[in-house]
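S.K.: Sequence:
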Amino acid sequence: MKQIAKKSFFIAGTDTGVGKTEVSLGLMESFKRRDYCVAGMKPIACGGMESSQGLENEDASRILAAISADFWRREAWCATPRRYEIVNPYMFKLPIAPHIAAEKENVNINIASIERQLRKIESNAEVTIVEGVGGWQVPISQQSTMQDLVKVLNIPIILTVGLKLGALNHSLLTYQAIKNAGLHCCAWVANTLDSEMSCVTENIQAINQRFDCPCLGVIPDLALPISSQLLADFLDVDILLSM
Numbered sequence: 002m003k004q005i006a007k008k009s010f011f012i013a014g015t016d017t018g019v020g021k022t023e024v025s026l027g028l029m030e031s032f033k034r035r036d037y038c039v040a041g042m043k044p045i046a047c048g049g050m051e052s053s054q055g056l057e058n059e060d061a062s063r064i065l066a067a068i069s070a071d072f073w074r075r076e077a078w079c080a081t082p083r084r085y086e087i088v089n090p091y092m093f094k095l096p097i098a099p100h101i102a103a104e105k106e107n108v109n110i111n112i113a114s115i116e117r118q119l120r121k122i123e124s125n126a127e128v129t130i131v132e133g134v135g136g137w138q139v140p141i142s143q144q145s146t147m148q149d150l151v152k153v154l155n156i157p158i159i160l161t162v163g164l165k166l167g168a169l170n171h172s173l174l175t176y177q178a179i180k181n182a183g184l185h186c187c188a189w190v191a192n193t194l195d196s197e198m199s200c201v202t203e204n205i206q207a208i209n210q211r212f213d214c215p216c217l218g219v220i221p222d223l224a225l226p227i228s229s230q231l232l233a234d235f236l237d238v239d240i241l242l243s244m
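When you read off a place in the sequence shown, starting at 1, and then add 1, the result is the number in the numbering used here.
Read the hints as simulated data drawn from the structure, not as lab findings. It is possible that some hints are incorrect.
Keeping only pairs whose Cα atoms sit at most 30 Å apart, straight-line, the calculated DSS-like set for lysine-lysine is [unchecked claim]: (1) 165 <-> 94; (2) 33 <-> 7; (3) 33 <-> 121; (4) 180 <-> 121; (5) 165 <-> 121; (6) 152 <-> 8; (7) 121 <-> 8; (8) 152 <-> 165; (9) 152 <-> 94; (10) 152 <-> 180; (11) 33 <-> 8; (12) 7 <-> 180; (13) 180 <-> 8; (14) 33 <-> 105; (15) 165 <-> 180; (16) 152 <-> 33; (17) 94 <-> 105; (18) 7 <-> 121; (19) 121 <-> 152; (20) 7 <-> 152.
Each pair of labels, with its calculated beta carbon distance range [claimed, not checked]: (21) 181 <-> 101: 20 to 28 Å; (22) 227 <-> 202: 44 to 52 Å; (23) 200 <-> 71: 16 to 24 Å; (24) 120 <-> 200: 37 to 45 Å; (25) 180 <-> 243: 15 to 23 Å; (26) 211 <-> 155: 18 to 26 Å; (27) 152 <-> 96: 24 to 32 Å; (28) 71 <-> 101: 37 to 45 Å; (29) 200 <-> 96: 26 to 34 Å.
Where is the CB? At the ideal position from N, CA and C, for every residue including glycine.
The task is simple: from the sequences and hints, build the whole structure.
M.R.: Structure representation (structure tokens):
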């Protein structure tokens with residue numbers, strides 16, 4: 002029997018390229034295994050490729066593909082011509098900082114618009130996974146950062162920690178910034194970026210001792226491409242279900 006309904010989580014990272022998408026996909030698959038209707042969103046993405054449907058970001062496309070089939074059968078989406086834009090409303094061609102990419106394309110990233118889109122998605126799903134862009138304080142406009150977006154979305158945060166040299170410092174700085182902003186980091190995930198990193202166990206223990214939230218799992222260094230099914234095997238979403 003299901004224990005929760007209408008839950009959302011924001012997947013943040015200690016840096017860009019630390020595995021936020023992999024964590025997002027693993028969580029989506031884990032919840033789907035438990036028979037939840039799962040949706041995903043990547044509000045802002047930088048770096049796209051031309052497809053038959055137009056410009057698309059690879060990570061956002063993977064999240065789109067991982068959404069529960071039942072989600073798209075809901076009445077709210079019956080007349081939706083292009084599903085990609087539901088998942089990724091702000092897509093920029095160049096793989097650069099969002100505020101610079103937006104300026105180059107003369108686009109204003111509207112946080113209120115992102116929130117409205119998320120609320121519509123949430124109303125049609127039982128679990129919604131929202132992936133951020135870049136690190137915690139990356140600017141998304143001249144006035145706002147990723148942190149400001151999460152404040153408005155007001156959903157619990159799962160922090161992705163990339164295990165490499167410097168991970169301890171990066172994770173503690175990010176976690177403290179989240180707490181200082183008055184936001185709730187409900188869990189974290191360790192993602193191995195450097196298979197030769199020294200003292201991995203000690204680093205994970207040090208983070209656990211300093212965080213006030215549980216670790217959902219440790220993702221090892223995996224050969225590409227990595228399937229959502231494999232990623233889900235390393236994540237314990239029962240921790241989230243028990244909260």
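S.K.: Next, verify each hint and record whether it holds.
M.R.: Status of each hint after checking the structure:
1. 165 <-> 94: holds, 28 Å
2. 33 <-> 7: Holds - the C-alpha atoms of residue 7 and residue 33 are around 14 Å apart, at most 30 Å.
3. 33 <-> 121: Satisfied, since the Cα-Cα distance of roughly 20 Å is no more than 30 Å.
4. 180 <-> 121: Distance ~28 Å between residue 180 and residue 121 Cα, so the pair holds.
5. 165 <-> 121: Measuring from Cα to Cα gives roughly 37 Å; hence the hint is violated.
6. 152 <-> 8: holds, 16 Å
7. 121 <-> 8: holds, 13 Å
8. 152 <-> 165: holds, 28 Å
9. 152 <-> 94: Distance of about 26 Å is within 30 Å: holds.
10. 152 <-> 180: holds, 12 Å
11. 33 <-> 8: holds, 13 Å
12. 7 <-> 180: holds, 24 Å
13. 180 <-> 8: Holds: residue 180 and residue 8 sit about 21 Å apart, inside 30 Å.
14. 33 <-> 105: Violated. Residue 33 to residue 105 sits at ~38 Å, over the 30 Å cutoff.
15. 165 <-> 180: holds, 23 Å
16. 152 <-> 33: holds, 27 Å
17. 94 <-> 105: holds, 10 Å
18. 7 <-> 121: Given pair residue 7, residue 121 holds - Cα atoms ~12 Å apart, limit 30 Å.
19. 121 <-> 152: Holds - the C-alpha atoms of residue 152 and residue 121 are around 18 Å apart, at most 30 Å.
20. 7 <-> 152: Distance ~19 Å between residue 7 and residue 152 Cα, so the pair holds.
21. 181 <-> 101: 20 to 28 Å: holds, 26 Å
22. 227 <-> 202: 44 to 52 Å: Violated - the Cβ-Cβ distance for residue 227 and residue 202, about 22 Å, lies outside 44 to 52 Å.
23. 200 <-> 71: 16 to 24 Å: This hint is violated: roughly 44 Å between Cβ atoms.
24. 120 <-> 200: 37 to 45 Å: Taking Cβ atoms as reference, residue 120 and residue 200 lie about 43 Å apart, which means the hint holds.
25. 180 <-> 243: 15 to 23 Å: Roughly 22 Å apart at Cβ, these two residues keep to the hinted range, so it holds.
26. 211 <-> 155: 18 to 26 Å: With a Cβ separation near 25 Å, residue 211 and residue 155 satisfy 18 to 26 Å, so the hint holds.
27. 152 <-> 96: 24 to 32 Å: Given a distance of about 26 Å, which is inside 24 to 32 Å, the answer is holds.
28. 71 <-> 101: 37 to 45 Å: holds, 38 Å
29. 200 <-> 96: 26 to 34 Å: Hint holds: Cβ distance 32 Å, inside 26 to 34 Å.
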